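Asker: Now for the letters of each chain:
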Amino acid sequence: MAVDKFSVEASHIMMFARSIGDGNQIYYDKEYAEAAEPGAIIAPPTFVQASAQFDSTYGLRPSMDGIGWMGSGSNPTSAIRREAPKTEEKDSEDGGRSRQSQGGGGLHAEQRYVYHRHPKVGDILTAASRPGESWERVGRRSGKLVFRESITEYRDQNGELVVTATSVGVTTERPVDQK
Amino acid sequence: MALKASELNIGDTYSETVVEDLKRTQIVMYAGASGDYNPVHTDEPFATKVAGYPTVFAHGMLTMGLTGRMLTNYVGDGRLTEFGVRFTSQVFPGDTLQSTATVESLEDGLVNLSVSTTNQNGVEVAKGTAQARVD
Numbered sequence: 001m002a003v004d005k006f007s008v009e010a011s012h013i014m015m016f017a018r019s020i021g022d023g024n025q026i027y028y029d030k031e032y033a034e035a036a037e038p039g040a041i042i043a044p045p046t047f048v049q050a051s052a053q054f055d056s057t058y059g060l061r062p063s064m065d066g067i068g069w070m071g072s073g074s075n076p077t078s079a080i081r082r083e084a085p086k087t088e089e090k091d092s093e094d095g096g097r098s099r100q101s102q103g104g105g106g107l108h109a110e111q112r113y114v115y116h117r118h119p120k121v122g123d124i125l126t127a128a129s130r131p132g133e134s135w136e137r138v139g140r141r142s143g144k145l146v147f148r149e150s151i152t153e154y155r156d157q158n159g160e161l162v163v164t165a166t167s168v169g170v171t172t173e174r175p176v177d178q179k
Numbered sequence: 180m181a182l183k184a185s186e187l188n189i190g191d192t193y194s195e196t197v198v199e200d201l202k203r204t205q206i207v208m209y210a211g212a213s214g215d216y217n218p219v220h221t222d223e224p225f226a227t228k229v230a231g232y233p234t235v236f237a238h239g240m241l242t243m244g245l246t247g248r249m250l251t252n253y254v255g256d257g258r259l260t261e262f263g264v265r266f267t268s269q270v271f272p273g274d275t276l277q278s279t280a281t282v283e284s285l286e287d288g289l290v291n292l293s294v295s296t297t298n299q300n301g302v303e304v305a306k307g308t309a310q311a312r313v314d
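Those sequence lines, one after another, are chains D and V.
Mapping of the first sequence onto the numbering used here: position 126 corresponds to residue 126, and the numbering continues sequentially without gaps.
Mapping of the second sequence onto the numbering used here: position 70 corresponds to residue 249, and the numbering continues sequentially without gaps.
These are computed hints drawn from the structure, not numbers from a lab.
Take these hints with a grain of salt, some might be off.
As the list claims (entries may be wrong) - Per label pair, the in silico range of CB-to-CB distance:
(1) R265/V x K30/D: 22 to 30 Å
(2) I189/V x Q157/D: 19 to 27 Å
(3) R141/D x S293/V: 21 to 29 Å
(4) G68/D x P272/V: 25 to 33 Å
(5) G68/D x D287/V: 48 to 56 Å
(6) Y193/V x A35/D: 34 to 42 Å
(7) K30/D x Y193/V: 22 to 30 Å
(8) G68/D x K228/V: 27 to 35 Å
(9) L161/D x N300/V: 25 to 33 Å
(10) V146/D x N300/V: 23 to 31 Å
(11) T192/V x A2/D: 16 to 24 Å
Being a predicted model, the structure only gives us computed values, none of them experimental.
Built from N, CA and C at the ideal position, the CB exists for glycine as well.
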């Protein structure tokens, strides 16, 4: 994933906080936040994941014309008789899933963040990803598992590192057995 | 409201119910806010007939976000320095999740925590660690 301009905006933080059921004032109340220790509205710890919104080639969002999107319309999948959306090789965070719309597909196995500081409203971040390690093992509930690590650095408008995110994606041979 | 090192002991725990009877609508809210529209999370015909799951299931990152809410309520706003989890089991609509942080160690103004989120059946759905600045 590469994002050139991830504007950290108040309404986006408010909506993101709501989506994780977090009513903390630090995420929507400017006056409260300015008087609190962080000094500004900051982002919840997992917010940088929403940089996907600013990735123009993100594979897990329907394109503007909806063509090639795997989700259901009149059929359970609109990707019938069509290859999964052709996107360039992407990082493990989404690449596995967008490439495999049939069967088990890819799942998010692990996520780690290091906070050099917390993003705040007004920041304009960039994100650059690089592959990390990859490994395989055989799982009891889903067959052969292939793990791929992707490391994303989020930097601010001054080039300073804000958050380092490590994502581990896993592609499974078949859907995870629920038994 | 930050934690004070002088008031923390190894083994201290803090726990919250982070979601009760998870609604499909909350998963939709998370998809919209995060931008991750993978249909396995919100599209029942796709999740069941194409991907082969019993129903839609939550984004791992929704579980992590809910877990993070417990953490920030515990350590204070802007205090986390590290947070990581492994997603150990899927989370489905109807699940009730409990998140717990346990003090593992204290060092130079930092507390190291283990983090665990379990569902209503006691199955761990996320497991990891966090570190935060303390006073």
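Asker: It remains to establish, for every hint, whether it holds in the given structure.
Answerer: Checked hints:
1. Look at R265/V against K30/D: about 36 Å separates their beta carbons, and that is not inside 22 to 30 Å.
2. Separation of I189/V from Q157/D is about 40 Å and departs from the stated range, judged on CB atoms against 19 to 27 Å.
3. Between R141/D and S293/V the beta carbons are some 24 Å apart, a value that agrees with the proposed interval 21 to 29 Å.
4. At about 28 Å, the beta-carbon gap between G68/D and P272/V stays in the expected band of 25 to 33 Å.
5. Checked against the hint of 48 to 56 Å, the pair G68/D and D287/V passes, with Cβ atoms roughly 52 Å apart.
6. In this structure, Y193/V and A35/D break the distance hint of 34 to 42 Å, their C-beta atoms being roughly 25 Å apart.
7. A hinted range of 22 to 30 Å for the beta carbons of K30/D and Y193/V is consistent with their spacing of about 28 Å.
8. Evaluation of the 27 to 35 Å hint for G68/D and K228/V yields a failure: the beta carbon distance comes to about 19 Å.
9. As the Cβ distance of L161/D to N300/V is approximately 40 Å, the hint placing it in 25 to 33 Å is violated.
10. The supplied range of 23 to 31 Å is met by V146/D and N300/V, whose beta-carbon atoms lie about 29 Å from each other.
11. Checked against the given bound of 16 to 24 Å, the beta carbons of T192/V and A2/D, roughly 40 Å apart, lie outside it.
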